[in-house]
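Visitor: Sequential numbering from 0 applies to the sequence shown in numbering that gives the first Met the number 0.
What the hints contain is simulated information worked out from the structure, not anything from laboratory work. As the structure is a computational prediction, the values presented were derived from the model and not from experiment. Please note that the accuracy of each hint is not assured.
[Unchecked claim] No farther apart than 27 Å at their CA atoms in a straight line, the calculated lysine-lysine pairs in the DSSO-like style are these:
1) LYS73 - LYS129
2) LYS151 - LYS73
3) LYS151 - LYS188
4) LYS73 - LYS125
5) LYS129 - LYS151
6) LYS129 - LYS188
7) LYS162 - LYS129
8) LYS291 - LYS162
9) LYS151 - LYS162
10) LYS291 - LYS125
11) LYS125 - LYS188
12) LYS188 - LYS291
13) LYS291 - LYS106
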Amino acid sequence: MSTAVMNRKATMPCLICTTQNQMEALVCATCGAPMALIQEAVAQDRDPCIVTVVGDSNVGKTVYLGMLLDMLSKRAEDFEAIPKGAYSVNLQHTVISFLSTRQFPPKTAMEVDDWHWAYYQVARRKRNSKIYDLVMPDMAGEAIAAEVANPKTFTVIRSLLEKSAGAILLVDGALAAAGSPQPDFFALKLMTYLDGVLASKHQQRLDTPVAVVLSKADYCPECFDDPRAFAQTNLNRLWNICESRFEHFEFFAASVVGALGYGSDESGNVVPYPLHVAPRGILEPFEWVLSKL
Numbered sequence: 000m001s002t003a004v005m006n007r008k009a010t011m012p013c014l015i016c017t018t019q020n021q022m023e024a025l026v027c028a029t030c031g032a033p034m035a036l037i038q039e040a041v042a043q044d045r046d047p048c049i050v051t052v053v054g055d056s057n058v059g060k061t062v063y064l065g066m067l068l069d070m071l072s073k074r075a076e077d078f079e080a081i082p083k084g085a086y087s088v089n090l091q092h093t094v095i096s097f098l099s100t101r102q103f104p105p106k107t108a109m110e111v112d113d114w115h116w117a118y119y120q121v122a123r124r125k126r127n128s129k130i131y132d133l134v135m136p137d138m139a140g141e142a143i144a145a146e147v148a149n150p151k152t153f154t155v156i157r158s159l160l161e162k163s164a165g166a167i168l169l170v171d172g173a174l175a176a177a178g179s180p181q182p183d184f185f186a187l188k189l190m191t192y193l194d195g196v197l198a199s200k201h202q203q204r205l206d207t208p209v210a211v212v213l214s215k216a217d218y219c220p221e222c223f224d225d226p227r228a229f230a231q232t233n234l235n236r237l238w239n240i241c242e243s244r245f246e247h248f249e250f251f252a253a254s255v256v257g258a259l260g261y262g263s264d265e266s267g268n269v270v271p272y273p274l275h276v277a278p279r280g281i282l283e284p285f286e287w288v289l290s291k292l
């Protein structure tokens, strides 16, 4: 057998961007996604379903996703969730460990190599329930902002969204309730970007389900009363593009912390500390997305 043929056989495609990589590669040479994902996908013998969690920097993506995975692995709401690969547990382990010591986890680094990826097999605990092989990465908000501002800056983000069966968009509900236009404008940019990535015919609305989660709702309990009405009032630009371009969208409110304390770090900056963890509204957006797939 020739060397050229052997080299061709010794490669495998990245699950995210389909670039051919050497079998021994740990991460994709093009997008930086871990090659362990394709190995797990091959073992399951079915195409995985990608659900992407996106949002601005400091909106709470890491805490939300880590808490969601932890609740699923503890069989919340009768879900059965099995991690495929030990690396899939790293994110929830990090988040729960920090929260248990009354700290928030550190910000996700912009470098793709430092992102946490999770591959979970999720189903309801009843006979003949559909099994979802879910891939959910924890992406840095700064990286998402850079990709939205200059498309193809982060190839992995565009590739992920192109292959996503559903998306969960986190928006800072507390900041929006305080009157800041930043959450509305960033969400508008992100949804416009998503529209451009997924749209095949611009006259048709997209059928990819998008759950919009009003994060940090413990700061503004009115988010829980009627998330849709809150969005129409405080995130009107986001509401309008959702209504115009997306067939399936819904608004939810979520919080992880029940009580906050404040202190100062070594530089004298005021730092919040989670005194009491009380997750609320974490599973509902995920459950809604699955119902639309």
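Visitor: Does each hint hold? Answer for all of them.
Guide: Results of checking the hints against the structure:
no. : hint            : verdict
1   : LYS73 - LYS129  : 19 Å, holds
2   : LYS151 - LYS73  : 37 Å, violated
3   : LYS151 - LYS188 : 15 Å, holds
4   : LYS73 - LYS125  : 16 Å, holds
5   : LYS129 - LYS151 : 34 Å, violated
6   : LYS129 - LYS188 : 34 Å, violated
7   : LYS162 - LYS129 : 20 Å, holds
8   : LYS291 - LYS162 : 16 Å, holds
9   : LYS151 - LYS162 : 15 Å, holds
10  : LYS291 - LYS125 : 19 Å, holds
11  : LYS125 - LYS188 : 40 Å, violated
12  : LYS188 - LYS291 : 24 Å, holds
13  : LYS291 - LYS106 : 31 Å, violated
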